[in-house]
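Each chain is listed here by its residues.
Number of protein chains: 2
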Amino acid sequence: MKKFKGYLIDLDGTMYRGSEPIASAADFINALNKKNIPYLFLTNNSTSTPENVSDRLNQMNITSTSRHVITSSLATAKFIKHQKSDANCFVIGEEGLYKALQQEGLTISEEAYGSDYVVVGLDRGVTYKKIAEACIAIRAGAEFISTNRDVSIPTEHGLLPGNGAITSVIEVSTGKHPIYIGKPETIIMNEAISELGVAKQDIVMVGDNYDTDILAGINSGIDTLMVFTGVTPYHEYSSFDKKPNYHVKNLSEWIDHI
Amino acid sequence: MKKFKGYLIDLDGTMYRGSEPIASAADFINALNKKNIPYLFLTNNSTSTPENVSDRLNQMNITSTSRHVITSSLATAKFIKHQKSDANCFVIGEEGLYKALQQEGLTISEEAYGSDYVVVGLDRGVTYKKIAEACIAIRAGAEFISTNRDVSIPTEHGLLPGNGAITSVIEVSTGKHPIYIGKPETIIMNEAISELGVAKQDIVMVGDNYDTDILAGINSGIDTLMVFTGVTPYHEYSSFDKKPNYHVKNLSEWIDHI
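Protein sequences appear in the order of chains D and V.
Residues in the first sequence are numbered consecutively from 0, following numbering that gives the first Met the number 0.
Residues in the second sequence are numbered consecutively from 0, following numbering that gives the first Met the number 0.
Note that these hints are calculated values from the structure, not bench results.
Predicted model only: the values in this text are computed from it and were never measured.
Just so you know, even glycine gets a beta-carbon here, dropped at the ideal spot from N, CA and C.
It is possible that some hints are incorrect.
[Claimed, not checked] Sample of chain D residues at the chain V side, in silico, Cβ under 8 Å:
1. Ala-131
2. Pro-160
3. Gly-163
4. Ala-164
[What the hints assert, rightly or not] If we take Cβ atoms under 10 Å as the criterion, some of the chain D residues that face chain V in the derived model are:
5. Arg-123
6. Val-125
7. Cys-134
8. Val-150
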């Protein structure tokens, strides 16, 4: 069995479900730490900051620092910075997105019209007025960026609209398609691979969601390890067009391969 | 030239543009009144009541009463009433939709979960919470109805998101498709044809928007008269797959045929 030198790891459904850690998640991370194998957590969540995420992991006894966390907001901010380091951004989103953009030194514009970028992340306080302003700015030429395609987010109240659903209002109204950043896109993956500092052939992407985690790995040309502790049920395995390189029912089965 | 015995007439782009009446619109309606030819105004607008619409027309010296006006909200309320006369409706919308449902004796539910119908019209005060509740109700089995597909609405500030764009959040997040009521659907047309009380072969649909007005007429098997005073430019005429029966640059050219 191949020994990987770097791990990219999904969170929801792989490390925890809601507020509950998944069995063996802490042991899995401890095994990586013990062998000094670098890893990063990769989440499409755009509302939390890396600090919020690592606090949550630590509360579940899963070792992490904020530097272990790449959110779709962080990857979005880095992507925009590469394109235009003094960009002016009109933002629909929450704290995680605002802070990520500010930390990259980008300007947050109160005025949509005339901004360089309209950046959309999940915003549970979004208004019609803000969406309308975003549409006008995009029609006037602003670049349209969206943190991720997720159409719904699992909560204790049920499946609520995700950022992909919010983004669709603007997409449908303007007829313009955004650049998506989060998994399964390669943009967030390239950011993570470069941050990890390990050659691509030695990295594995670990996750429970075929459509985001596993396709992200496949799309970016790295190996994939699928776990069945989250959204994609095991019985769907046979229907995958492109299979993950490895799959386990849960992470405990993989620890010996680290 | 065929003499029609009943007219269905679009408003925006056909009778007025924004707050300005279109030349000959008042003369056109006066000619119908003079010959006692029945007519109805048909609008996808879901936020205004028929009274709001007729007041606006009268201010522009275009003769009308609220009984001449069928909004997409009115057609929605009548459609639901035919299906379930004691329906319980969770509503995303503005005054025009609420009043229409109430006037048909339907119950407006504050609680989305467990409602019979989730009814969506343009709501410029819509919140994430309301959309999220609507999604949960639809996943739980509520019928999903949307007043119209219009993706954008022309305003003095530019093109703003229309009801079709708002509806797409729920559609994308739940994966369920709504029943649309407004033009170019036949639901609003059948309601209007029945209200007009004239045989279908003697009715003409008049409008400026190929994708809504003209297709609505074609879809419901009545004749169509296209005017080029609104959104669809004349140079697109040659590209229409199914042509309108008649077309004029503006309504003054048609008055002699009334």
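Hints, verified against the model:
no.: 1; hint: Ala-131; verdict: 4 Å, holds
no.: 2; hint: Pro-160; verdict: 4 Å, holds
no.: 3; hint: Gly-163; verdict: 6 Å, holds
no.: 4; hint: Ala-164; verdict: 4 Å, holds
no.: 5; hint: Arg-123; verdict: 4 Å, holds
no.: 6; hint: Val-125; verdict: 6 Å, holds
no.: 7; hint: Cys-134; verdict: 6 Å, holds
no.: 8; hint: Val-150; verdict: 5 Å, holds
Violated hints: none; the structure is consistent with every hint.
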